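**Q** Make a model of the complete structure from these sequences and hints.
Numbering (this note's numbering), first residue to last: 4 to 391.
DEER-style ranges, computed between Cβ atoms:
no. : residue 1 : residue 2 : range
1   : 100       : 269       : 31 to 39 Å
2   : 161       : 11        : 35 to 43 Å
3   : 270       : 189       : 27 to 35 Å
4   : 74        : 267       : 48 to 56 Å
5   : 99        : 64        : 26 to 34 Å
6   : 64        : 90        : 25 to 33 Å
7   : 68        : 36        : 20 to 28 Å
8   : 41        : 220       : 23 to 31 Å
9   : 189       : 285       : 31 to 39 Å
10  : 90        : 269       : 44 to 52 Å
11  : 102       : 7         : 14 to 22 Å
12  : 54        : 292       : 40 to 48 Å
13  : 341       : 195       : 28 to 36 Å
These are computed hints drawn from the structure, not numbers from a lab. In this text the structure is predicted, and so the values were computed from the model without any measurement. We put the beta carbon where it would ideally sit given N, CA and C, even for glycine.
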Amino acid sequence: MSGTVTDGERLARSALTRVIEPGDQLLGEQLARLGAAEVWRALERDERLPEVPPPRWAGLRLRAERVVPGRDLEESAGCGGRLVCPGDHEWPGQLDDLGAARPVGLWVRGACSLRFVALRSVSLVGARACTDYGTHMAGELAATLAERGWTVVSGGAYGVDGAAHRGALAVGGPTVAVLACGLDVAYPAGHRQLLERVAEGGLLVSELPPGERPTRGRFVQRNRVIAALSRGTVVVEAALRSGSLITARRAARLGRHLMAVPGPVTSGLSAGTHRLIRQEATLVGSAGEVIELVGAMGEVADGERGPAVPRDLLGEAAGQVLDALPVARAVTVPEIARGACMSSEAALARLLELGSLGFVEHVGDRWQLRRPAVRHALPAAPHPEAGA
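**A** Here is the structure:
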């Protein structure tokens with residue numbers, strides 16, 4: 004999985020995810036200047052960095068004293084998880100747009116590559132206490148986006164988030180849930196089964212190590228990752244005071260496409276989206292309209308354009324799966340797995356990635372090549388799951 008990240012750097016970043024709160028720009032600047040290994044070494048030895056005020060350093064030291072380096076990496080691996088660090092092949096480069104506030108690292112659970120599924124992704128956010136209209140719109144948008152090869156990113160919460168994840172999963176599309184707690188903490192508790200389904204058909208992502216609980220501040224900072232991961236954010240339903248509006252503002256500041264779905268003028272849960280539309284968001288009412296904004300230049304709503312990522316960029320395992328697909332018909336996952344000489348689980352993970360990149364599409368319980376298949380040769384880049 005690693006690219007240019009050394010074992011020492013990964014170990015240090017894993018420890019620092021338990022010390023540094025998400026979005027901490029001051030410590031982010033020190034990481035950029037010194038590197039994670041040096042920052043962690045200073046904390047271990049209590050050699051205060053001059054830029055960090057003494058009271059702040061004392062708090063960081065209290066946390067660092069309780070950290071056992073390497074334990075979280077072992078526990079995460081035992082649950083099928085991993086730590087993705089800046090510099091890894093799996094690291095989504097768009098997160099670097101956050102500057103000093105980019106994550107120290109991301110704890111990830113699921114078979115897909117975070118970098119690949121995030122290349123063509125849209126964030127869907129909105130009210131937790133949404134109306135039936137909000138649930139319907141979120142599910143419909145997510146399902147259609149997933150059918151057309153786009154990954155749906157959301158926060159795993161009740162309401163619009165849950166409807167978005169379910170919509171993508173219903174059509175066999177990949178979805179990413181960015182959490183404000185450790186990946187082993189089922190929050191909200193009522194979404195335990197849904198989050199397990201997300202991990203099976205997509206990815207669970209968090210800046211926080213195992214066992215960490217959510218706080219209000221962590222929810223706020225989680226929103227910046229949701230905004231940065233995707234090409235655009237759609238606010239489905241939101242009151243005037245809503246956490247989803249924080250995500251919207253983050254997306255706008257990052258230069259991402261900001262979209263909002265209109266609702267009844269009599270509904271307080273449409274007041275926030277209507278304000279966004281008046282001020283800076285683009286009104287959208289269908290997945291096609293979303294794709295026309297976030298897709299490649301000239302990509303149209305009917306999804307008849309070719310994939311956005313060249314064939315030569317695929318890793319070995321993804322290439323084997325692509326080669327196993329017949330030219331003129333749809334086939335089941337077991338058939339593809341036999342052709343690619345890998346397990347059905349591994350084949351499905353690669354299919355979800357290929358779908359998010361526009362190479363294949365899901366038809367019922369089968370998969371087929373998406374046509375027309377336009378390919379351009381570019382330098383090959385290793386895939387984090389190559390050889391899986």
